[in-house]
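Novice: Listed below, chain by chain, are the residues.
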Amino acid sequence: MSSAVVEVRHLTKRFGEFTAVDGISFDIRRGEILGLLGPNGAGKTTTLQMMLGLVTPTSGSIHMFGLDLQRHRGAILQQVNFSSTYMSMPYALTVEENLSIIGRLYGLSDIPRRIDDMVKKLEMAEWRHTLTRKLSSGQMTRLTLAKALLTEPKILFLDEPTASLDPDIANKIRTILLEERRASGLSILYTSHNMREMETMSDRIIFLQRGKIVAEGTAQDIVARFGQEDLEDVFLKLAREQ
Amino acid sequence: MTYHRIAALVVRHLYLYRRSLPRMMEIIYWPFLDLVVWGFITVYLATFQGQMPAVVTFLLGALILWDVLFRSQQGIAISFLEEIWARNLMNLFASPLTPNEFLAATMVMSLFKVTAVSIVMSLCAWVFYGYNVFMIGLWLMPFIVNLVLTGWIIGVLTTSLIMRFGQEAEVLAWSMVFLFQPISCVFYPLEVLPTWLKGVAWINPAAHVFEGMRGLLATHAAPLASLGWAAGLNLFYLGLVIAWFHHTFNVCKDRGSLVRVGE
Ligand SMILES: Nc1ncnc2c1ncn2[C@@H]1O[C@H](COP(=O)(O)OP(=O)(O)O)[C@@H](O)[C@H]1O
Ligand SMILES: [Mg+2]
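Just so you know, the sequences run in chain order A and B. Just so we're aligned: the first sequence equals residues 1 to 242 in this note's numbering. Just so we're aligned: the second sequence equals residues 243 to 505 in this note's numbering.
The set of hints was computed from the structure by calculation and includes no laboratory data. Do not rely on the hints blindly, as some may be mistaken.
[Claimed, not checked] These stretches of chain B come out as covered by chain A in the derived footprint (C-beta under 8 Å, 3 or more residues):
{"#": "1", "region": "253 to 266"}
{"#": "2", "region": "332 to 339"}
[Claimed, not checked] Heads up, incomplete: computed chain B residues facing chain A, CB under 8 Å, no partners named:
{"#": "3", "residue": "HIS246"}
{"#": "4", "residue": "ARG247"}
{"#": "5", "residue": "ALA249"}
{"#": "6", "residue": "ALA250"}
{"#": "7", "residue": "ALA328"}
{"#": "8", "residue": "ARG329"}
{"#": "9", "residue": "LYS495"}
{"#": "10", "residue": "ASP496"}
{"#": "11", "residue": "ARG497"}
{"#": "12", "residue": "GLY498"}
{"#": "13", "residue": "LEU500"}
{"#": "14", "residue": "VAL501"}
[To be verified] What follows is a list of derived Cβ distance ranges for each label pair:
{"#": "15", "chain 1": "B", "residue 1": "LEU256", "chain 2": "A", "residue 2": "ASP203", "range": "39 to 47 Å"}
{"#": "16", "chain 1": "A", "residue 1": "LYS172", "chain 2": "B", "residue 2": "GLY481", "range": "45 to 53 Å"}
{"#": "17", "chain 1": "A", "residue 1": "ASP110", "chain 2": "B", "residue 2": "VAL279", "range": "46 to 54 Å"}
{"#": "18", "chain 1": "B", "residue 1": "TRP327", "chain 2": "A", "residue 2": "GLY107", "range": "24 to 32 Å"}
{"#": "19", "chain 1": "B", "residue 1": "GLY470", "chain 2": "A", "residue 2": "SER109", "range": "43 to 51 Å"}
{"#": "20", "chain 1": "A", "residue 1": "GLU126", "chain 2": "B", "residue 2": "LEU256", "range": "24 to 32 Å"}
{"#": "21", "chain 1": "B", "residue 1": "VAL253", "chain 2": "A", "residue 2": "GLN78", "range": "18 to 26 Å"}
{"#": "22", "chain 1": "A", "residue 1": "GLU216", "chain 2": "B", "residue 2": "PHE407", "range": "34 to 42 Å"}
{"#": "23", "chain 1": "A", "residue 1": "PHE15", "chain 2": "B", "residue 2": "GLY481", "range": "26 to 34 Å"}
{"#": "24", "chain 1": "B", "residue 1": "VAL253", "chain 2": "A", "residue 2": "THR58", "range": "35 to 43 Å"}
Note that the coordinates shown come from a computational prediction; the quantities given were computed from them, not determined experimentally. Don't be surprised by glycine CBs; every beta carbon is placed ideally from N, CA and C.
Model the full structure from these sequences, guided by the hints.
Specialist: Below is the structure:
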């Protein structure tokens with residue numbers, strides 16, 4: 001599988017006695033959107049945090065662009081970005097200031113032009129000069145997404161990116177993500193509780209439960225394999241089996 | 243170390259200060275108040291000038307220099323706290339930023355604070371009390387450099403403790419430095435300490451700075467020995483606390499607590 005931009009092998013994370021992620025392996029191809037689905041506590045966030053170098057794996061390996069994350073952290077993270085419903089950005093700075101700091105942090109050229117683009121794309125013009133503390137949660141989510149796309153990453157990690165958005169904005173965000181993928185070959189690893197979203201967005205889905213991969217494939221594959229109506233039924237069936 | 247990432251963090255803090263009255267007060271108004279209070283004390287003491295001339299001239303200078311150490315330490319610890327309060331650590335450490343670059347940025351902030359506070363205090367001492375801190379002469383520079391380094395040591399130490407123990411340790415950003423004040427011999431000579439404490443003070447670089455200062459004012463002899471000890475101890479401890487910071491950073495990544503500090 002030579003076009004894999006992400007290769008995760010036997011990735012395990014233990015916190016003391018507790019195993020949060022239990023020997024998972026998967027690839028993400030260039031331009032692929034991989035959905036990470038699973039009930040609360042399944043280990044989705046921990047997996048993403050390990051892939052961002054924020055949490056050290058207990059064992060296993062993570063390669064991106066053929067490089068080992070442990071040894072080439074800087075080179076990899078330069079090409080990667082993330083957004084999460086649960087993160088935030090410095091409250092005392094304006095939206096534009098926050099984006100410009102991110103631009104500097106990643107050493108981007110042409111920062112004002114990139115910010116203009118993001119503001120247009122994510123419809124942020126009205127609150128571009130607003131202090132971040134005054135944003136609604138939906139606006140905050142758009143800002144963190146703008147922050148992630150600003151650096152033109154090759155891989156994007158999204159932890160429940162549309163959880164706090166109204167359906168209209170959530171829909172727009174999905175359109176933008178699909179467009180980024182089409183235009184630049186962006187690969188996305190993406191967690192969500194929204195089954196419909198998972199079905200429409202993901203090329204492939206990994207179902208995680210208690211740190212283990214219990215199902216993997218396209219939405220149709222998984223639904224067919226478990227003999228259910230749709231992904232939501234599969235989710236309920238698996239979640240209640242615990 | 244990459245320059246643009248350090249600069250990014252510095253600019254981020256400057257944006258913050260530009261708009262924040264409490265933060266500006268911290269570097270302008272509080273040092274000013276500090277000085278005014280101590281200024282009145284020295285004016286009062288000056289009425290006994292016959293008995294204690296050295297005390298009067300030294301007290302304001304000592305206060306200004308102590309503030310150099312204090313603000314240097316705060317520049318590090320508060321810059322880290324700002325990131326915790328803003329829940330920004332995740333954004334920073336999921337970027338190519340390295341822990342050393344992070345520390346370097348807090349050190350630049352520390353230099354900004356020290357410079358601002360020193361200017362405010364020296365100016366006030368001169369305008370209100372006719373006290374010229376520069377009468378210490380060119381030796382003032384190496385003394386200040388050493389106090390800044392000691393401030394960094396305490397700042398990095400505090401930062402590591404906050405990173406490791408979280409919210410409960412945040413108060414250390416303000417109190418830690420006062421743990422070191424009694425053994426820094428800021429306002430009194432080392433010889434007044436009880437014997438056992440003398441030994442402790444002796445391995446504190448700041449004590450050598452203040453001893454050297456007093457020696458210089460009293461005898462006008464070049465304070466080379468004091469500066470040598472201060473610099474040696476400073477570099478040794480700075481290496482030590484930076485290594486410990488890295489260790490703590492790795493422990494936090496292992497426990498998954500790095501992105502949860504302050505929550
Ligand atoms: N730093 C940590 N220390 C101890 N346990 C943790 C830590 N981080 C996560 N966990 C535990 O690991 C499990 C997986 O958490 P998480 O990855 O956040 O799940 P998800 O994102 O799928 O809801 C949970 O049971 C959680 O309590
Ligand atoms: Mg989660």
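Novice: Hints first: check each against the structure and report whether it holds.
Specialist: Each hint, compared with the structure:
no.: 1; hint: 253 to 266; in the structure: holds (count 6)
no.: 2; hint: 332 to 339; in the structure: holds (count 8)
no.: 3; hint: HIS246; in the structure: holds, 5 Å
no.: 4; hint: ARG247; in the structure: holds, 6 Å
no.: 5; hint: ALA249; in the structure: holds, 6 Å
no.: 6; hint: ALA250; in the structure: holds, 4 Å
no.: 7; hint: ALA328; in the structure: holds, 4 Å
no.: 8; hint: ARG329; in the structure: holds, 5 Å
no.: 9; hint: LYS495; in the structure: holds, 5 Å
no.: 10; hint: ASP496; in the structure: holds, 5 Å
no.: 11; hint: ARG497; in the structure: holds, 7 Å
no.: 12; hint: GLY498; in the structure: holds, 5 Å
no.: 13; hint: LEU500; in the structure: holds, 6 Å
no.: 14; hint: VAL501; in the structure: holds, 5 Å
no.: 15; hint: B:LEU256 x A:ASP203: 39 to 47 Å; in the structure: holds, 44 Å
no.: 16; hint: A:LYS172 x B:GLY481: 45 to 53 Å; in the structure: holds, 52 Å
no.: 17; hint: A:ASP110 x B:VAL279: 46 to 54 Å; in the structure: holds, 51 Å
no.: 18; hint: B:TRP327 x A:GLY107: 24 to 32 Å; in the structure: holds, 26 Å
no.: 19; hint: B:GLY470 x A:SER109: 43 to 51 Å; in the structure: holds, 47 Å
no.: 20; hint: A:GLU126 x B:LEU256: 24 to 32 Å; in the structure: holds, 26 Å
no.: 21; hint: B:VAL253 x A:GLN78: 18 to 26 Å; in the structure: holds, 19 Å
no.: 22; hint: A:GLU216 x B:PHE407: 34 to 42 Å; in the structure: holds, 40 Å
no.: 23; hint: A:PHE15 x B:GLY481: 26 to 34 Å; in the structure: holds, 32 Å
no.: 24; hint: B:VAL253 x A:THR58: 35 to 43 Å; in the structure: holds, 37 Å
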